[in-house]
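*Asks:* Each protein sequence line maps, in turn, to chains P and W. Here the first sequence stands for residues 4 to 133, where the numbers follow our numbering. Here the second sequence stands for residues 916 to 1524, where the numbers follow our numbering.
These are computed hints drawn from the structure, not numbers from a lab. Note that the structure is a prediction, hence the values are computed from the model and not measured. C-beta atoms are modelled at their ideal positions from N, C-alpha and C, and glycine is treated no differently. Wrong hints could be hidden among the right ones.
Result set (SDA-like, lysine to any residue): computed pairs, CA atoms no more than 25 Å apart in a straight line [what the hints assert, rightly or not]: (1) W:Lys1081 / P:Thr77; (2) W:Lys1081 / P:Leu122; (3) P:Lys114 / W:Tyr1177; (4) W:Lys1237 / W:Arg1277; (5) P:Lys78 / W:Glu1097; (6) P:Lys97 / W:Pro1094; (7) P:Lys97 / P:Ala21; (8) W:Lys1384 / W:Ala1418; (9) W:Lys1081 / P:Ser95; (10) P:Lys114 / W:His1107; (11) W:Lys1081 / P:Glu44; (12) P:Lys97 / W:Glu1103; (13) W:Lys1081 / P:Asp74; (14) P:Lys54 / P:Glu82; (15) W:Lys1081 / P:Ala130; (16) P:Lys97 / W:Arg1082; (17) W:Lys1445 / W:Phe1511; (18) P:Lys97 / W:Leu1125; (19) W:Lys1081 / P:Thr26; (20) P:Lys13 / W:Gln1123; (21) W:Lys1469 / W:Met1440; (22) P:Lys97 / W:Glu1133; (23) P:Lys78 / W:Ala1084; (24) W:Lys1445 / W:Val1415; (25) P:Lys97 / W:Gln1127; (26) P:Lys114 / W:Lys1469; (27) W:Lys1081 / P:Ala119; (28) W:Lys1081 / P:Gln120; (29) W:Lys1448 / W:Leu1477.
A short, non-exhaustive set of chain P residues, derived as facing chain W with CB atoms under 8 Å [what the hints assert, rightly or not]: (30) Ile50; (31) Lys97; (32) Ile100; (33) Val106; (34) Phe111; (35) Ile112.
DEER-style ranges, computed between Cβ atoms [stated by the list, open to error]: (36) W:Leu1198 / P:Lys78: 50 to 60 Å; (37) P:Leu122 / W:Gly1058: 54 to 64 Å; (38) W:Gln1208 / P:Lys78: 45 to 55 Å.
Residue strings, one per chain:
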Amino acid sequence: MSKQEVELSKRVMIVDDALFMRTMLRDIFEVAGWQVVVEAETGAEAIEEYKIHQPDLVTMDIVMPEMGGIDALTKILREYPAARIVVCSALSQKDLILDAINVGAKDFIVKPFQNAQVLEVVNRVVAGCS
Amino acid sequence: MDTVKFREMFLAEAAEHLELMAEILLQLDSDPEDQDGIDALFREAHSIKGMAATMEHVETARLAHHLEDRLDDCRQLGWISGGDIDWLLEAVDLLELLLDDIRNEQPERSVENLIASIPKEPVIEVSTTVEEKTADPAMTGEGVLIQLQLQETVIAPGPRFLILLKRLADFGTILESIPTMEALLQGEDPDHLLIRLDAEISQEQIYQQLQQYSEIREITFPVATAEEKPHKKKSPGKMVRVSTELLDHLINLTGELITNRYQMQNGVKEHNWQAVDDGVGQLARLVKNLHHQVLQVRMVSLESLAGRLSRTVHDLSRSSGKEIFFKVEGTEIELDRAIVEELTDPLIHMVRNAVDHGVERRGTVSVKAWRERDQVLIQVADDGRGIDPETIRHQALEKGLLSPAQAKSIRDYDLFQLICQPGFSTVEEISEISGRGVGMDVVKTAVERVGGILLIDSVPGEGARITLKVPLSLAIIRVLIVECAGTRMAMPIARVVQTVEVAPEEVQSSGKQLMIHYQDELLPMLSLRKILKTAKGSHLDPIPVVITEVQGRKIGLVVDQLVGQREVFVQRLPAPFDQVRGCSGGTILGDGQIIFLLDLQSLFERPRG
């Protein structure tokens, strides 16, 4: 990352099959001054878009049709080991959260989202992984 | 800074231990065979040693270690000698100084001399040597022990601990953890996580990093030797311990406030003014309750102060050879910590005065605290020779503080107040005669700074009583709001004797000075406009007057208008405005208006220097 880029707002990709969740996350990020570079609806889309945009952070829903979040996460990390991916999930999917952390998710957010909690997690992840 | 925070924690806790030690030592002085007391002392010294060693404060740890050793001897012997008590008290003093050094980020002073002066008896065979004992295995164990506890609100503790464990792995090598990473991956949801980490960064840096996780409730670096403290006491330092019960109350109140907000929002939306009105009533109740609870956080008991006072008496009676019976009552009374801090030195001073000059060869000095509505009274009394009003009268005449006529008519109460005048007496002149006046101006200034007053009462031959009357809390006080030259200002109600309205024909003049009758006294009438050097006002009828006290004398203060009383939250003014004479703070009224707190006292003082 060049020095100039550090000054810019952080770039995030939102991956979720539900429009409602994407909109909500977009709102949280934009209010906090982040730039949502792209949204993806499926795991496969996420992998393609990651290659193009290489965002500072990805929020990834775990349960999605076709390719799930954990698969997409694994594939992205295989090619980009430094990718910062935060998974989103409902509490009932604790095992999936654990799996995601095991394969390299940097952190997780539990639905229903609370703005402050989301921002704390993503800021920490972006700041922490030097 | 978090490093500072860490140090503060150590300092506050160590200070608590020391305070407790001094207290126990004084108890042991009268009951040297109290086994529980000796045991407790030993544990205190041990805790200090453990903490100081962890923080790498070598000298502090070394001295604490010697204390511990000595107390271990006493423990085996079953009693503690007077010589030991004196030495241990000295050691406690030195430890306090060492804490000062650490606080001021100075190198710790040497403890060599004190260690060399350990009294010879009691002779007892101790099989261990110093070096063996310092090698406490748990303190020098490999790696850092870190224990984490999550907030109760964290929804998925297992995954959260897993993330934290992974994060900690970035700071070094995880030697072991309970539960293990595997167990966490299997879905275990523990209530805390214990990690032994071979860290590449300092403990403080780890602490800082972990602080970014609001999900964590508590981060501790346990040392295997650390034990539960036997006594829980409030710290006199800047750290505040809050009971979880109190926090729960605060959280509940916050919840109610949120409900209240919705109630009012709905009322506004639906134009249901009755609902809004109810909401405001509810809000007033909630805020009052909240105020009460938050105030609790600032409250400390006088217990810690009592320890220091009995220490003062103990030392003085040893050095002067006087036999002093010291009595303390009402230590459970709680006061705003800022007030306790402000009053500590003055009270020590007063007790010292009572021992030095009040009591002759033997006698009683007592400190008593009690509450009267929203004020606390602290009284220092002795049964010594008392203050002789004739001596004061004589001195005041000589110094020109009173005219011969005044000297004749002045009441004893007002006469005694004169000893608080700066420069009324010097040590040489008065200590032999009345024994008072030494630094009483300092005491009075401190009391007035916290919005209190000082009362002196004495009967020759029966002793003296000095009473401090102070508000419970500094932050929120009741004020009288007055208007003068178009500006509203506030006076603490504690300083107002009464408000009266005087008809112009009631005003008398005595030379240039206008006077009014108040009860059976004639008081000088001063105009606030004149004091504040603003333009002269128009004639008022009746004239609003605030009867108040300045430098121990009642005056009638003429204002333009008496507006009313109110409870306000007083804030200190930021620098450089805190230097403005005559103004001791400010407050914002409900309508956004800023009002300054009038400090008459400072307006009448001569500028310093």
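*Asks:* Does each hint fit the structure? Answer for all of them.
*Replies:* Quick rundown of the hints versus the structure:
no.	hint	result
1	W:Lys1081 / P:Thr77	holds, 17 Å
2	W:Lys1081 / P:Leu122	holds, 20 Å
3	P:Lys114 / W:Tyr1177	holds, 24 Å
4	W:Lys1237 / W:Arg1277	holds, 6 Å
5	P:Lys78 / W:Glu1097	holds, 23 Å
6	P:Lys97 / W:Pro1094	holds, 17 Å
7	P:Lys97 / P:Ala21	holds, 20 Å
8	W:Lys1384 / W:Ala1418	violated, 33 Å
9	W:Lys1081 / P:Ser95	holds, 23 Å
10	P:Lys114 / W:His1107	holds, 23 Å
11	W:Lys1081 / P:Glu44	violated, 29 Å
12	P:Lys97 / W:Glu1103	holds, 10 Å
13	W:Lys1081 / P:Asp74	holds, 21 Å
14	P:Lys54 / P:Glu82	holds, 9 Å
15	W:Lys1081 / P:Ala130	holds, 16 Å
16	P:Lys97 / W:Arg1082	holds, 19 Å
17	W:Lys1445 / W:Phe1511	holds, 18 Å
18	P:Lys97 / W:Leu1125	holds, 23 Å
19	W:Lys1081 / P:Thr26	violated, 31 Å
20	P:Lys13 / W:Gln1123	holds, 23 Å
21	W:Lys1469 / W:Met1440	holds, 10 Å
22	P:Lys97 / W:Glu1133	holds, 24 Å
23	P:Lys78 / W:Ala1084	holds, 24 Å
24	W:Lys1445 / W:Val1415	holds, 19 Å
25	P:Lys97 / W:Gln1127	holds, 23 Å
26	P:Lys114 / W:Lys1469	violated, 68 Å
27	W:Lys1081 / P:Ala119	holds, 23 Å
28	W:Lys1081 / P:Gln120	holds, 20 Å
29	W:Lys1448 / W:Leu1477	holds, 19 Å
30	Ile50	violated, 24 Å
31	Lys97	holds, 6 Å
32	Ile100	holds, 5 Å
33	Val106	violated, 11 Å
34	Phe111	holds, 6 Å
35	Ile112	violated, 10 Å
36	W:Leu1198 / P:Lys78: 50 to 60 Å	holds, 55 Å
37	P:Leu122 / W:Gly1058: 54 to 64 Å	violated, 34 Å
38	W:Gln1208 / P:Lys78: 45 to 55 Å	holds, 54 Å
Hint violations for this structure: numbers 8, 11, 19, 26, 30, 33, 35 and 37, all remaining hints satisfied.
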